[in-house]
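Protein chains: 2
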Amino acid sequence: MSTEPRKILIVGGVAAGMKSASRLRRLDPKAQITVVERGIHLSYGACALPYVISEEIEDLDEVRQTANGTVRDEAFFSMVKDVEVLTRCEAVRIDREKQELEVHFLDDDRYQSMSYDVLVLATGSRPLVPPFPGRDLAGVCALKNMDDAASIAKLVEPGARAVIVGGGLIGLEMAEALGSRGMDVTLLEMQEQVLFGILDSDMAEHIHRVLRNAGIKLHLGEALQTISGQNDQVQKVTTTIGSYPADLVILALGAKPNIELAQEAGLNIGPSGAIAVNQQMQTSDPNIWAAGDCVESYHLLNHQPLHLPLGSTANKHGRIVADAICGRPAHFPGILGTLLVKVFGLNVGRTGLSPEKAAQSGFDPVSIFAPSPDRVHSMRGAKPILTRLTIDRESRKLLGAQIVGPGEVAKRIDVVATALSFGADIDQLAQVDLGYAPPFSAAMDPLHQAANALRNKLDGLADSLSPLKLKQRLDLGEDLLLLDVRSPAEHAEVRMAGATLLPLGKLRAKVAELPKDKLIVPFCKISLRGYEAVRILHAAGFEKVAYLEGGLLGWPYELERGAPEVPITN
Amino acid sequence: MSTEPRKILIVGGVAAGMKSASRLRRLDPKAQITVVERGIHLSYGACALPYVISEEIEDLDEVRQTANGTVRDEAFFSMVKDVEVLTRCEAVRIDREKQELEVHFLDDDRYQSMSYDVLVLATGSRPLVPPFPGRDLAGVCALKNMDDAASIAKLVEPGARAVIVGGGLIGLEMAEALGSRGMDVTLLEMQEQVLFGILDSDMAEHIHRVLRNAGIKLHLGEALQTISGQNDQVQKVTTTIGSYPADLVILALGAKPNIELAQEAGLNIGPSGAIAVNQQMQTSDPNIWAAGDCVESYHLLNHQPLHLPLGSTANKHGRIVADAICGRPAHFPGILGTLLVKVFGLNVGRTGLSPEKAAQSGFDPVSIFAPSPDRVHSMRGAKPILTRLTIDRESRKLLGAQIVGPGEVAKRIDVVATALSFGADIDQLAQVDLGYAPPFSAAMDPLHQAANALRNKLDGLADSLSPLKLKQRLDLGEDLLLLDVRSPAEHAEVRMAGATLLPLGKLRAKVAELPKDKLIVPFCKISLRGYEAVRILHAAGFEKVAYLEGGLLGWPYELERGAPEVPITN
Chain F
1 MSTEPRKILI
11 VGGVAAGMKS
21 ASRLRRLDPK
31 AQITVVERGI
41 HLSYGACALP
51 YVISEEIEDL
61 DEVRQTANGT
71 VRDEAFFSMV
81 KDVEVLTRCE
91 AVRIDREKQE
101 LEVHFLDDDR
111 YQSMSYDVLV
121 LATGSRPLVP
131 PFPGRDLAGV
141 CALKNMDDAA
151 SIAKLVEPGA
161 RAVIVGGGLI
171 GLEMAEALGS
181 RGMDVTLLEM
191 QEQVLFGILD
201 SDMAEHIHRV
211 LRNAGIKLHL
221 GEALQTISGQ
231 NDQVQKVTTT
241 IGSYPADLVI
251 LALGAKPNIE
261 LAQEAGLNIG
271 PSGAIAVNQQ
281 MQTSDPNIWA
291 AGDCVESYHL
301 LNHQPLHLPL
311 GSTANKHGRI
321 VADAICGRPA
331 HFPGILGTLL
341 VKVFGLNVGR
351 TGLSPEKAAQ
361 SGFDPVSIFA
371 PSPDRVHSMR
381 GAKPILTRLT
391 IDRESRKLLG
401 AQIVGPGEVA
411 KRIDVVATAL
421 SFGADIDQLA
431 QVDLGYAPPF
441 SAAMDPLHQA
451 ANALRNKLDG
461 LADSLSPLKL
471 KQRLDLGEDL
481 LLLDVRSPAE
491 HAEVRMAGAT
501 LLPLGKLRAK
511 VAELPKDKLI
521 VPFCKISLRG
531 YEAVRILHAA
541 GFEKVAYLEG
551 GLLGWPYELE
561 RGAPEVPITN
Chain G
1 MSTEPRKILI
11 VGGVAAGMKS
21 ASRLRRLDPK
31 AQITVVERGI
41 HLSYGACALP
51 YVISEEIEDL
61 DEVRQTANGT
71 VRDEAFFSMV
81 KDVEVLTRCE
91 AVRIDREKQE
101 LEVHFLDDDR
111 YQSMSYDVLV
121 LATGSRPLVP
131 PFPGRDLAGV
141 CALKNMDDAA
151 SIAKLVEPGA
161 RAVIVGGGLI
171 GLEMAEALGS
181 RGMDVTLLEM
191 QEQVLFGILD
201 SDMAEHIHRV
211 LRNAGIKLHL
221 GEALQTISGQ
231 NDQVQKVTTT
241 IGSYPADLVI
251 LALGAKPNIE
261 LAQEAGLNIG
271 PSGAIAVNQQ
281 MQTSDPNIWA
291 AGDCVESYHL
301 LNHQPLHLPL
311 GSTANKHGRI
321 VADAICGRPA
331 HFPGILGTLL
341 VKVFGLNVGR
351 TGLSPEKAAQ
361 SGFDPVSIFA
371 PSPDRVHSMR
381 GAKPILTRLT
391 IDRESRKLLG
401 AQIVGPGEVA
411 KRIDVVATAL
421 SFGADIDQLA
431 QVDLGYAPPF
441 SAAMDPLHQA
451 ANALRNKLDG
461 LADSLSPLKL
471 KQRLDLGEDL
481 LLLDVRSPAE
491 HAEVRMAGAT
501 LLPLGKLRAK
511 VAELPKDKLI
521 VPFCKISLRG
531 YEAVRILHAA
541 GFEKVAYLEG
551 GLLGWPYELE
561 RGAPEVPITN
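Protein chains in written order, with our numbering: chain F, 1 to 570; chain G, 1 to 570.
Each hint should be verified, as a subset may be incorrect.
[Claimed, not checked] Short derived list, chain F residues pointing at chain G, Cβ under 7 Å:
no., residue
1, L267
2, I269
3, N315
4, L340
5, K342
6, G349
7, S378
8, M379
9, I413
10, D414
11, A417
12, T418
13, V432
14, R535
15, E560
No lab work stands behind these hints, which were simulated from the structure alone.
Cβ coordinates follow ideal geometry from the N, Cα and C atoms, glycine included.
Chain F on its own, in the form it takes in the complex (with noise of 0.2 Å):
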């Protein structure tokens, strides 16, 4: 055993690399300890940036400064954390060997070899910018550090023209901020539903609607082919369909981790294309450990790689290494891809499985989706959530949830992801004690109402059709019937194009003239009622008969409004 301090070489100063930091020096008050990073700023909030355009935060300087104030820069962690940072200092080669690191010293064009005893690699991702014509024209920005959110914030004008490429949380989140500075947004998305990947396809239809009645100009299924301009700055963006013009266009296509160094140093890269680790972030190298946006992860519920950036997963990264380093019990499980955004005053959020990926990863996925007040419906401010429950049928265990909508949505997604990690089954969810009280929830959780939901369609209690489950039906023109059983007043208001009206009340008087050979689908506004007639209508003997899950509030699609073509007799 040595009595030499040992030596820490940190690549990255970001969130993984500067938590470890800290985190290591707390744990080894002798070791020495450096931090060499390619920018300028150190430990900052890089997901807070799109709230620095929107203004939400008032100054770009804030997102690396702790809660009371103090800016994390060189100083900081010098005297208080006892830490070396070297910025404009980019590291470009290890040396496994000899256990060095060749770093560069932009300033000053220099370069010096460094030894460590121990290597962390906390190097980042970076935005995915495929080659097309015209990406390196002035106006045209990614957005992934302070400078990056500098240089689009000079950019903001109102009534001026901003597209954005990609349909993704930052082009959300983007669409947002500048929207909401008063530009004319184009958002473009190659895929047919934004947040692809992540979100169903019926409930992506919540984000389109909301993003087109805040005016944005929302372009889906095409793909972006150049961008134009003229004197080095941007003009035009062309895609497979249309062309846009454009002052500032943001490229939001995702995020790709900076592996490089690693890569030529011979360490394992995983399926996903990010860093191999073990479950103590150690590379396949056992003096180089990886931690943050550079590194793979794996999917709790189906053991499958995955690389997803995120400044939470970064955090406990950061502090997992260093305890790893430490030889202190430390392991990182896994991640559920829990998200959040809000897209103006929409919340979304998804954690764990969609139904497609569970099928695909083995599952035998059954789902529901439910509408529920966020809290006492008759509270002032009780606003609609939006929540699609998805478990096994065999294990009945959960494996995620989808929630859209104006009311508290990040509650009910983290509530699932806790649930989740712990592998609760759908009958153990709906029997946690959450908190009630009229102004956080009502007597039932919307978790808990779903939950029941889900049991009695897992139970053969009554069998129900998700949205985009009828649309399918619909489109491909199966004879079914729509069964409004809302009130006439409610149905002149707003319908279903070829649904027929039959109030609850008058449903067991008029039950013989219904069908018996073809599938019957009632709904109402949020389905409570459609699922009461479920129940009618089993007892009377009806066989198909599935509630249109959601009721209107949840049906994404066209609907009618105003005085019906045909009067109503019922």
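Fit chain G to the supplied structure of chain F, relying on the hints for placement.
Frame of chain F; chain G shown alone:
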């Protein structure tokens, strides 16, 4: 096996009773289901009544409406649920031998015997009103049902004097409701804190401050003696200490279960004084079941019986009773005592065991108290929350949480409740993949921050003192060094009496001047710097160091404000 439809009788038509009736109908379409209810209102949300008084619910009748505005009255249950409901019908005696229930129709003073195959007792609870003089005067009200709410609403008058007796959940909700309606509100509580038995005293101090800031006259440690008046109209409330003029008196002294019917029939009553049931909600008579506020619960963590009436629990009971009666697998596992309450913009929650209760239950509790902003701190709208987590030292398992603050409390309470349900330990909680986006959380969720601080404490990396423990030691005159490691400007604005200022940046340089023979207690605004100071002092060989958990933000006791008496030299 009889082919006769089963006769199911349910006593009580509010939450658990109507829920079980609806579910029974669904599971047994042929059963003859009758509900007898002493009052006239069915299926209403009693917990929502304070919000009718505050006018956050516009109309009293909304508390018995479905989300789409349908009133849940006898006609609704008959038509939609095919359940017969008899209102103004009181159950007076059970003949278990004959399986008969004697009922009393209150309006025509008629008695009748009704036979049953299965009897469900959902008799609810009633306000606890000790037999003190004056309790029958006009203007003296308890709040339990819709009639109570209507009576109180008529007495609300800006400037008039309301005296609330009892600082529990309803007392606090009514203080806010009446205060927000412009009444002159006095709140009397026998204990030295509100929410006694629910929150630790230093947590409750934050509520005291908020109540006083809102103009509520809070009197702690005063027990009610008499209520007096003239011409049958209340005028004055007299306690062990003082006398308070009153135009309206709200008695909020807790609730007791309505067990008389069960008790007289010889059914087992549990140690908490409520009806004893097994996990299927079956009483000691296999033909009699019970659900809701009249029933005894078991605490999931210490397995002790307790009576905690809540609408959320009653709804769960209702479903389980019905499932169990119909032979479906169902059991109620128990409760965590999860509670939420809003008090003038302060959100308050707890779940699980307090440190004190945990110790009484045989655990070895270790707690942390940690403040955090509820989302990315630089976001507009970010507000602090103060989290106390408690775990068992050896097993490291979570035992409970108490959280107060203007920020998002309910989400974190629900996450802890979920984690508690699955026996989570603190290390698991710290790894849950909770949702992260700047409008909803920070990269390190407040629960993760608290969990990590608790792990540091548990692992001997940083000792700390709760506000209460420090206060107790100061009150005992212990000679310790309160070390304020904030800036001189922060110190000048607000500070703890007797604290020595030594900004964190100067600590390393001046460390030799500090005493090694007495406890040093560093603190700052939120004790992030206080915690760093512990680290620096440890590294410099100091052993007796413990930071103040929660810093000045979490310190609920006296602080000095404005220019200090002694000039600052540091």
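*Tell me if F/G349 is really an interface residue toward chain G, meaning its C-beta lies closer than 7 Å to one of theirs.*
Since chain G brings a Cβ to about 6 Å from F/G349, closer than 7 Å, the hint holds.
*Hint validity - F/L340 Cβ closer than 7 Å to any chain G Cβ*: Holds: closest Cβ of chain G sits about 4 Å from F/L340, inside 7 Å.
*asked:* Hint F/D414 vs chain G: min CB-CB distance below 7 Å?
replied: With Cβ-Cβ at 5 Å, under 7 Å, it holds.
*Is the shortest C-beta separation between F/K342 and chain G less than 7 Å?*
Hint holds; F/K342 Cβ to chain G Cβ min 5 Å, cut 7 Å.
*Are F/N315 and chain G close enough, Cβ to Cβ, to be under 7 Å, as the hint says?*
holds, 5 Å
*How about F/L267: closest beta carbon in chain G under 7 Å, or not?*
violated, 24 Å
*Hey, does the F/T418 contact hint survive, CB to chain G under 7 Å?*
holds, 4 Å
*Is the shortest C-beta separation between F/S378 and chain G less than 7 Å?*
Holds: closest Cβ of chain G sits about 4 Å from F/S378, inside 7 Å.
*Any CB of chain G closer than 7 Å to the CB of F/V432?*
holds, 5 Å
*Should the interface hint for F/A417 be scored as holding, given a Cβ-Cβ cut-off of 7 Å against chain G?*
holds, 6 Å
*Interface hint status, F/I269 versus chain G (Cβ within 7 Å)*: violated, 23 Å
*Is the interface hint for F/M379 satisfied, with its Cβ closer than 7 Å to some Cβ of chain G?*
Holds, about 6 Å.
The earlier numbered hints that this structure contradicts are 1, 2, 15.
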